[in-house]
Amino acid sequence: MTATTLRRLIVIGLIALWEILPRAGVIPELFLPSLSSTLAAGWNDAGEYGHALAVTLYEVAISMAFACGGGILLGAIVGSLPRPRILIMPMVSSLYAVPLVILYPVFTVWLGIGSESKIAFASIYGFLPTMLATAAGIQTIDPQLLLAARSMGATLSQRLVRVIIPAAIPTVLSGLRVGGALVIVGVVVSEMLISSAGIGYLISRYRTILDSPHVFAGVLLVLAMAIAFNAAIKWIERKAAIWQTGSRAGQRAADEITAGAIQPAT
Amino acid sequence: MQPLANITPLKPAGAIEVRNVGQIFKTTTQDVVALEDVSLDVKPGRFVVLVGPSGCGKSTLLMMMAGLRQQTSGTITISGAPIPEPDPNRVGVVFQEASLFPWLTAEENVEFPLALRGVAKSDRRARAQDALKLVGLDGFGRRHPHELSGGMKQRVSIARGLVQDPPVLLMDEPFAALDEQTRMTMGDELLRIWAATGKTVVFVTHSLTEAVYLADEVIVMSPRPGRIVDHLQVSLPRPRTYEMLSGDAFGSLRDRIWRHIRKSA
Chain A
1 MTATTLRRLI VIGLIALWEI LPRAGVIPEL FLPSLSSTLA AGWNDAGEYG
51 HALAVTLYEV AISMAFACGG GILLGAIVGS LPRPRILIMP MVSSLYAVPL
101 VILYPVFTVW LGIGSESKIA FASIYGFLPT MLATAAGIQT IDPQLLLAAR
151 SMGATLSQRL VRVIIPAAIP TVLSGLRVGG ALVIVGVVVS EMLISSAGIG
201 YLISRYRTIL DSPHVFAGVL LVLAMAIAFN AAIKWIERKA AIWQTGSRAG
251 QRAADEITAG AIQPAT
Chain B
1001 MQPLANITPL KPAGAIEVRN VGQIFKTTTQ DVVALEDVSL DVKPGRFVVL
1051 VGPSGCGKST LLMMMAGLRQ QTSGTITISG APIPEPDPNR VGVVFQEASL
1101 FPWLTAEENV EFPLALRGVA KSDRRARAQD ALKLVGLDGF GRRHPHELSG
1151 GMKQRVSIAR GLVQDPPVLL MDEPFAALDE QTRMTMGDEL LRIWAATGKT
1201 VVFVTHSLTE AVYLADEVIV MSPRPGRIVD HLQVSLPRPR TYEMLSGDAF
1251 GSLRDRIWRH IRKSA
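Residue numbers (the numbering used here), protein chains in the order written: chain A, 1 to 266; chain B, 1001 to 1265.
What the hints contain is simulated information worked out from the structure, not anything from laboratory work.
Be careful, since some hints might not be right.
Unchecked claim - The list that follows gives simulated cross-link-like pairs (lysine-lysine, DSBU-like), each with its CA atoms no further than 35 Å apart:
hint: 1; chain 1: B; residue 1: Lys1121; chain 2: A; residue 2: Lys234
hint: 2; chain 1: B; residue 1: Lys1263; chain 2: B; residue 2: Lys1026
hint: 3; chain 1: A; residue 1: Lys239; chain 2: B; residue 2: Lys1133
hint: 4; chain 1: B; residue 1: Lys1263; chain 2: B; residue 2: Lys1043
hint: 5; chain 1: B; residue 1: Lys1026; chain 2: B; residue 2: Lys1043
hint: 6; chain 1: B; residue 1: Lys1133; chain 2: B; residue 2: Lys1121
hint: 7; chain 1: B; residue 1: Lys1121; chain 2: A; residue 2: Lys239
hint: 8; chain 1: B; residue 1: Lys1043; chain 2: B; residue 2: Lys1133
Just so it is clear, the structure is predicted and the values come from calculations on it, not from any experiment.
Okay, chain A solo, but in the shape it has when bound (with noise of 0.2 Å):
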């Protein structure tokens, strides 16, 4: 048996016992509610569920595009140049380890409940990862590719754009992933702390009336929409670092990122 199979199998088996054991009155219908009510809980609140998720993919996609895009071109300047590289690459890092949700009642009293507060917390969590990544995959270019164009005659544009972005791409990508994941954190998190829309809004009022099959419907999204975001990494991954073997240096600097990465998310 493949590993792939065997996966999928453990996957069946858990989506077969989550609709098993709360059935059969193993676990409480509260605690757990079966697959096939967290569904239907879910169908016959298509609407609301639908103009949730709306709101949190508005809020995702504009945080995502703060978070990388800043995050990318913070990190190139940082990675390229030495001096702002000193100064600001150890407060970066001090800043990843404080837990930034703290920050989040601040952020609500400045922007409001609406959803500038949840684009920026998430912003700013979304952004240290990808710019950190970013720096080290531009700091970890091989001189030596560098100083090869430079004999061939490439001006410093043409070094910028043939080498030195093909060249940081695959740990840009990597810090893209734990950027992006964090900023989905962020803005479910920030929902279900203080907010008046969006899917973790729904999670957490539903949790306050104990109606388990809707706080689980609201779970089954945000995963999904976790599964799908992976997806699409993957697959730029697959499109734009067909060469990744050939450079395990970048790898290296990349998972260093992601391990750094693993923290509590709130």
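Since chain A is already given, all that's left is putting chain B on it; use the hints.
Coordinates of chain B only, in the frame set by chain A:
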């Protein structure tokens, strides 16, 4: 008045002239004299090897010939004109392993210097094909560097150095990262390519055997400050063969170089 650029160079294409060249590296604490008063003439079509212990400035000298670094004093001319910046039409450079762009295929790597100059795609492809054929990699153009062996990667590098047909090819320890067998084969391959193209080759190496085996002339350098301590003519017949390695003529040349290097080490 006639602009300077229109004056025909007095030296033929492929000649290298190094006159009283010095190089000083400035560090925060002190100035390090890397090269001192180096003078050297390479005639067109010659195969010249630079040897010397680590830190003798042989790679630095090569980088200055490539226009990648400017000397502190003295002059260097390639085909009769100074080389203030890299010029792939006059000088091709082959580095140690790992200077191929891993995200490009072999043929795209070879096309790279042409692409920088905006040469049309079809023209580019044709010239890359010719260069790959010359180095014996016909049919491997679509592979990425990680799908090629170390020796094949260096063949691609050589093809990339030759694609603009410069009269001079500079090679900085190109086979240093290869295993012994591949290194021998690549040496023979390089001699074949050199004979077929008639380029002037300046080749930097640590290996005395490689130096004598490949060269018309061997330049021996001393460590800091780098100076030329000997200039040997290698009169072994061509084509060079494996059997020559164990001959007396080969041995005495290698011994002579070794004695210089041992003295300075």
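How the hints compare with the structure:
{"no.": "1", "hint": "B:Lys1121 with A:Lys234", "verdict": "31 Å, holds"}
{"no.": "2", "hint": "B:Lys1263 with B:Lys1026", "verdict": "27 Å, holds"}
{"no.": "3", "hint": "A:Lys239 with B:Lys1133", "verdict": "29 Å, holds"}
{"no.": "4", "hint": "B:Lys1263 with B:Lys1043", "verdict": "29 Å, holds"}
{"no.": "5", "hint": "B:Lys1026 with B:Lys1043", "verdict": "33 Å, holds"}
{"no.": "6", "hint": "B:Lys1133 with B:Lys1121", "verdict": "18 Å, holds"}
{"no.": "7", "hint": "B:Lys1121 with A:Lys239", "verdict": "22 Å, holds"}
{"no.": "8", "hint": "B:Lys1043 with B:Lys1133", "verdict": "27 Å, holds"}
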